[in-house]
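The task is simple: from the sequences and hints, build the whole structure.
From first to last, the protein sequence lines are chains A and B. Residues 929 to 1115 (our numbering) are what the first sequence spells out, left to right. Residues 4 to 263 (our numbering) are what the second sequence spells out, left to right.
Hint data in this document are derived by calculation from the structure and do not stem from the laboratory. All values derive from a computational prediction rather than experimental measurement. A virtual CB, placed ideally from N, CA and C, is assigned to each residue, including glycine. Worth double-checking, as some hints may not be accurate.
Label-pair restraints from in silico Cβ distances [to be verified]:
| id | chain 1 | residue 1 | chain 2 | residue 2 | range |
| --- | --- | --- | --- | --- | --- |
| 1 | A | I1077 | B | T73 | 44 to 52 Å |
| 2 | A | L942 | B | S95 | 17 to 25 Å |
| 3 | B | D172 | A | E1087 | 22 to 30 Å |
| 4 | A | E939 | B | T27 | 40 to 48 Å |
| 5 | A | E939 | B | E130 | 43 to 51 Å |
| 6 | B | L171 | A | K1020 | 45 to 53 Å |
| 7 | A | K1109 | B | N58 | 55 to 63 Å |
| 8 | B | T27 | A | E1087 | 19 to 27 Å |
| 9 | A | F963 | B | A248 | 19 to 27 Å |
| 10 | B | R11 | A | Q1112 | 16 to 24 Å |
| 11 | A | L942 | B | S24 | 42 to 50 Å |
| 12 | B | K43 | A | E939 | 36 to 44 Å |
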Amino acid sequence: MIQLNSNIYLEALLKGDEKIIVKIYKDILPKVTFFIKNNKGTQQDAQEIFQKALYQLTARIKIRNFEISTSFEAYLFTACKNLWRRELNNRKKEVRNDGVFELVSEEHDNSKAVLEQERWELFEEKITELSDSCRELLQLYFKKVSYKIIVEKFGYANENTAFQRVFKCKKRLIGLVKLDKRFQELC
Amino acid sequence: MLDNNKNRDELIEQYLDNLMSPETTLDFEKLIDNDEDLAKDIELFKQLNAHFTENYSELKTDTDTTDLDTYFRSEEAKIIKNAIEKSGAIHSNKKTVKLPIAIAASVIGLMICVAGYFQFSKNNLYEDYYTENDLPSLVARNVPDNSSSDIVIAYQEKKFLEASKLYLDYIKSTTNFNENLFIYGGMTYLELNEFDKAIVEFHKMTTSNSIDNSKGLWFTALVYLKKEDHILLKETLNIIVQKKANFNYTKAVSLLQKLD
Chain A
929 MIQLNSNIYL EALLKGDEKI IVKIYKDILP KVTFFIKNNK GTQQDAQEIF
979 QKALYQLTAR IKIRNFEIST SFEAYLFTAC KNLWRRELNN RKKEVRNDGV
1029 FELVSEEHDN SKAVLEQERW ELFEEKITEL SDSCRELLQL YFKKVSYKII
1079 VEKFGYANEN TAFQRVFKCK KRLIGLVKLD KRFQELC
Chain B
4 MLDNNKNRDE LIEQYLDNLM SPETTLDFEK LIDNDEDLAK DIELFKQLNA
54 HFTENYSELK TDTDTTDLDT YFRSEEAKII KNAIEKSGAI HSNKKTVKLP
104 IAIAASVIGL MICVAGYFQF SKNNLYEDYY TENDLPSLVA RNVPDNSSSD
154 IVIAYQEKKF LEASKLYLDY IKSTTNFNEN LFIYGGMTYL ELNEFDKAIV
204 EFHKMTTSNS IDNSKGLWFT ALVYLKKEDH ILLKETLNII VQKKANFNYT
254 KAVSLLQKLD
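Structure (structure tokens):
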């Protein structure tokens, strides 16, 4: 694949430049399709998620002056993964038929998905700024690993110490999020 | 009753982990209602938990999205959306057209294989069918481009290793790629007997929007000819002969006849 500068892709999206957008499909959609097909989805699902991710990206460029800090491919793949998890969650809710469905327009649903992606980026970025031990501890905690195992792994005196340590790390993470300029807009 | 000996953070954690008694929970919620900072902290804790545990139902939904909503409702956004969907359809059509051809060609190739029709050598055929005259000219470009010229010169001087290095540097650095260079890149790899890499470059040509994109098919056929991979060679030639407008249609017909 020829790696074009991310800005070229972003400009092409805003201009509706079909030649370059087709190239985006050709270069990146297969990877997204592979992920979605391996996670309970179909080719059609992959195409729809891919289109949504590209479309939502245009809003971020127009409204937020968003710039991609990684490669375009890495960004788009992650955005598609997040959108697919979101879609699976929505489908689960429909199957369970639990709770009252919120009637949301397509436009507003796209806006919500953009916000969720932005929050995702903020939280993921901030957790990497923690110390290695805090980050590892929180990752285990969020995976719902039991305090008993955490105590063994980190050599804490008891579960109460582990509990307090998790909380301190969470506080630290929250402190970092609050200091970020995106916090007021997103949270 | 709230335990006054516990600090605020401990209470937050107990509240979020549902470790409070119903009575204490009610007291704490009264406190939250009267303390905006506490309410914000709790909301953020909840958001973090929801985010990292992928509990989407807990994600905050009341954030103001007016600016985004306005964009998504705009005509401009609809035009962009159409372009994205149309490009997706173009991409899908390219794929679906290619697939039956590939399957048909594979079946033909397999039948030929079973019948044992490949008792011949094609080394000489490669010499007969490859000519430098088929290579594209880059002279007509309006903008002087030293990098692409260097690749062509290195190739013509048979400095293939140098040409391959220049080609790699070029595709990494340029944003204004001349598709004809795919042919030079592919031929450079072919001369170095790096067949897989050559096929990749010619495939890029075939799937490009260049008016000469069918050259990619012809040069792909040359790779299989040199490799003596008669199944894929015939498969590729069969695709070329489907359209008279394809590059080297006549040569493809003639080569197919010789192979048969």
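Item checked: Numbers of the earlier hints that this structure fails to satisfy, in rising order -> Per hint list: 3, 4, 7, 9 and 11 violated.
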